[in-house]
Amino acid sequence: MVERAVVPTVTTAQMKEVDRLMVDVYGIGWLQMMENAGHRLATLARRMLDDDVADRPIVVLAGRGNNGGGGLAAARYLLNWGAWVQVVCSYPPEGYKHAPAHQLAILQAMGAPLAWAEEGWELPPADLLIDAVIGYGLRGDPRGPARNLIQLAQSSAAPILSLDTPSGIDTGDGRVFDPHIRAAATLALALPKAGFRQPAAAAMCGDLYAADISVPSELYRQIGLEVTGLFARDSLVPIFVEDGMIWRVVANEV
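Here the sequence shown stands for residues 1 to 254, numbered as in the numbering used here.
Everything labelled a hint here was simulated from the structure, so no lab data went into it. We put the beta carbon where it would ideally sit given N, CA and C, even for glycine. Errors might be hidden in some of the hints.
[Said to hold, decoys possible] Ranges between beta-carbon positions, derived for each pair:
#1 Glu94 with Asp51: 29 to 39 Å
#2 Gly224 with Arg4: 17 to 27 Å
#3 Trp247 with Asp50: 18 to 28 Å
#4 Glu118 with Ala157: 14 to 24 Å
#5 Arg221 with Pro125: 24 to 34 Å
#6 Pro159 with Ala5: 23 to 33 Å
#7 Asp55 with Thr11: 38 to 48 Å
[Stated by the list, open to error] Here are the simulated DMTMM-like cross-link-like pairs (lysine to aspartate or glutamate), alpha carbons at most 25 Å apart as the crow flies:
#8 Lys16 with Asp212
#9 Lys97 with Glu17
#10 Lys97 with Asp141
#11 Lys16 with Glu226
#12 Lys16 with Asp141
Let the hints inform the model, and build the full structure from the sequences given.
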């Protein structure tokens, strides 16, 4: 018999408060969170490629916000693990600031292949495409270079792994904007977003996972959530949407 448990979701406002408390109260800064997110993302990418990324072509699409910074950190891990990684940024390097700029500078020092969204550019063939273009803050149709990257992703035949949310999805109410990503898998950071409970958004997420980025249990209590034991067995937890709720399997017995 399969036993399951409800996984709490976070609204956009709650996730902003999680990020604020992480930095201001617990001293867990953006670089540390980005590093955790990037490592979890790279680990899931490796699992999707049968636990061996050596010489596998992977394209990482990275916006200039914190979501993009997590994608840039993942690109570094994948390069270190032997993958052939092409990074495509939404802006040239001087358009990146703060922690994402720091992650990009590391890739530049490594001599990683870098490009940015330009008219007429095409993505190279890949075994996996990582979407780290737009995070939980989207409030309308993607525009500008982010829109260009999403359209590039739509033209690729590679399966897509999205970080935190498929780009082009309103994580608060589940609206699907134009253009948007249809992911093969989505790695939700900390907790899945409330909008994923909506059928249209869930369909864009593909296989759902939650990732441990070291949010303290007490922090969740401060925003009215009880989260215990979610990552007791693994830092990456498969989850699924059913009946308007998000669940995880807690036992599988005959």
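* Hint by hint, work out which the structure violates, then give me just those numbers in ascending order. => 5
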